[in-house]
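Chemist: All chains, please: the whole structure from these sequences, using the hints.
Okay, here's what each chain looks like letter by letter:
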Amino acid sequence: MGIGLTHYIVLSAILFGLGIFAIITRKNAVLVLMGVELVLNSANINFIAFAKFNKMNIDGHIAAIFVIMLAAIEVAVALAIVLNIYQNYKHINVDEIDSLKD
Amino acid sequence: MIEFGNLVANLQNSLSFFLPELVLVFTLLLLIVTDLIFRKIRFINGYISLLGFVLAGIVLFIQPKNLFGFLNSFVYDDFSFFFKIIILLTNVLIVLMSFESKELMEKGRNLGEFYTFLVGMTFGMFLVSGATNLILIYLAIETMSISSYILAGYTKEIRRASEASLKYVIFGAVSSGLMIYGISLLYGLTGSLNLVEIRDFLATNKIDTLPFFISSLLILAGFAYKISAVPFHFWTPDVYEGAPITITAYLSVASKAAGFAVLLRFLKLGLSSPTEALGSLWTMVGNIDWSFILAILATLTMTLGNIVALWQNNLKRLLAYSSIAHAGYILMGVAVLNDNGTASVLVYFFMYLLMNIGAFICVMLVADKINSEDIKDFEGLGYRSPLIAAVFSILLFSLIGLPPTAGFIAKFYVFAAVIEADLIWLAVVGVINSVISLYYYVKIMRNMFIRGLDENKGSIPISGLNQVIVIILAFLTILFGVYFSPIINWANASANILIWK
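As given, the protein sequences belong to chains A and B, one line each in that order. Once you know that position 10 of the first sequence is 768 in this note's numbering, the rest is easy, because the numbers rise by one and skip nothing. Once you know that position 17 of the second sequence is 21 in this note's numbering, the rest is easy, because the numbers rise by one and skip nothing.
Rather than coming from a laboratory, the hints here were simulated on the basis of the structure.
Cβ pair distances, simulated, as ranges: (1) B:V446 x A:K859: 24 to 32 Å; (2) B:N76 x A:I772: 30 to 38 Å; (3) B:L75 x A:I772: 30 to 38 Å; (4) B:I36 x A:Y844: 21 to 29 Å.
Listed below are the simulated DSSO-like cross-link pairs for lysine-lysine, each with C-alpha atoms no more than 27 Å apart in a straight line: (5) A:K848 x A:K859; (6) B:K373 x B:K106; (7) B:K320 x B:K461; (8) B:K160 x A:K785; (9) A:K859 x B:K160; (10) A:K785 x A:K859; (11) B:K106 x B:K320; (12) B:K160 x B:K44; (13) A:K859 x B:K373; (14) B:K447 x A:K859; (15) B:K380 x B:K461; (16) B:K373 x B:K111; (17) A:K848 x B:K111; (18) B:K320 x B:K111; (19) A:K859 x B:K320; (20) A:K848 x B:K160; (21) A:K859 x B:K106; (22) B:K461 x B:K373; (23) B:K461 x B:K447; (24) B:K44 x B:K111; (25) B:K320 x B:K447; (26) B:K44 x B:K106; (27) B:K210 x A:K810; (28) B:K320 x B:K160; (29) B:K380 x B:K106; (30) A:K859 x B:K380; (31) B:K373 x B:K320.
None of these values were measured; they are calculated from a predicted model. Each residue gets a CB set at the ideal place from its N, CA and C atoms; glycine is no exception.
Modeler: This is the structure we're talking about:
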């Protein structure tokens with residue numbers, strides 16, 4: 759039995775779940791961003807797998823390239839913000855950055 | 005496959021109604037250059053960006069309308085015209101507001117990048133209001149989000165601003181991740197990323213309800229984050245409190261407007277059948293009761309916004325919860341899923357623009373002088389600065405929705421659309437919420453006029469451009485409360501979202 763569409767979808771679902779899990783449980787801001795990367799890449803696997811197995815149109819490939827590009831931009835901005843947080847707080851623990859609350 | 009010659013011809017034709025966006029891009033490039041060369045001249049970038057917004061507005065009027073372009077992934081119609089005008093008006097007001105904002109000027113900060121990101125964000129919002137392709141929607145939402153993350157933390161040495169931008173970027177990244185995963189699932193289900201093709205596929209083929217439901221819910225999560233609807237509202241109070249007040253005002257109107265524009269277009273173009281009479285209920289494809297889901301979302305959003313606002317003491321935070329509540333009222337107009345509801349959303353946004361930005365400018369003018377946004381420090385403002393207190397009260401009356409202000413007309417039209425669609429319970433919830441909101445708005449007025457009279461603190465001198473702007477905004481708020489027919493007619497004419505048969 760070869761590798762079919764289902765395998766890819768299950769893989770991407772697992773990756774998506776792990777990403778969400780990392781976002782919820784990690785305290786370090788950089789690790790939270792890594793969780794976000796997992797989520798984005800799970801979407802990429804979906805795009806490529808659907809484009810290959812289902813419909814044979816090029817939209818999925820283009821979408822994946824755009825997502826890769828945006829992930830890079832988002833991480834660049836997010837890391838700059840995390841750096842700024844480090845300068846102000848001397849740590850990047852998202853649980854302790856809570857001066858704004860009700 | 006499309007032939008290369010046809011592709012080039014299509015792109016060339018599309019450029020004819022892409023002019024405002026091109027104007028914005030050139031403004032953006034010009035701003036980067038002037039920021040490098042003319043650093044010494046104060047506000048030069050502000051003036052250039054104002055010029056760019058005005059020029060983009062002029063071009064909006066003269067270019068051809070009601071066309072699909074860029075291989076059917078972008079549309080310019082009356083609906084996006086309305087939202088683009090709202091976004092441009094907000095931008096002009098925010099640029100004028102920034103000229104006198106104390107927190108932005110501190111430490112001799114150069115505001116060059118501020119305007120660059122503002123123009124970049126406007127470009128993103130213009131794309132959002134016209135996008136009809138899921139990938140373009142995602143890219144456009146990210147374009148505006150990434151600029152807004154930076155703007156929220158623009159005053160970077162202030163701790164709360166940097167915290168606000170961190171929270172904003174994390175919540176934003178998560179919700180955009182959910183959205184793109186939803187888009188990838190919907191692509192797998194329907195085989196297309198174009199909203200029109202998705203609709204046609206859904207109308208003719210039978211697909212499993214559950215995966216379709218999950219994927220569209222995930223996509224809606226991305227929109228709900230932009231319009232700060234419950235349960236994606238967590239960032240709103242923190243970001244609104246921490247960000248510079250100019251950006252808070254900007255996010256509360258322009259970015260919300262873009263979110264609603266794309267939400268309405270997604271529902272109308274992507275999920276409702278094209279064969280229907282004008283003004284009637286949209287027939288949704290797929291067996292999901294979107295009206296009910298949106299009504300529940302609206303109920304939760306406005307109730308949470310209003311109830312939590314009751315015990316806020318920071319005015320920026322209070323206005324943040326108030327803006328969540330207003331997003332709930334506007335969602336009521338979306339939930340009826342017909343053209344009347346869309347028109348009421350448009351009317352609401354126009355009125356909301358006037359009153360909300362006016363209220364934020366009032367808070368900024370006073371907070372810059374007394375160095376506090378605490379509601380207690382506004383005690384006796386009616387005697388220390390009668391003019392601002394009076395103007396602020398007019399705007400607050402409008403936010404409550406009392407006649408004869410613009411806020412009343414806006415709410416009236418939303419409630420009328422809801423009742424007409426037989427969602428009586430939703431209208432009742434909306435009215436109860438309006439009554440709850442009375443308490444915290446009146447609390448501000450009580451502090452301004454009734455308390456703190458005996459502590460002789462001296463008057464607060466307020467002068468300058470922004471004072472004139474708030475007076476004009478308050479005047480317009482009353483004017484459109486009495487003479488509202490032009491806005492209503494304009495909104496009714498714009499409510500018809502262009503569909504591709």
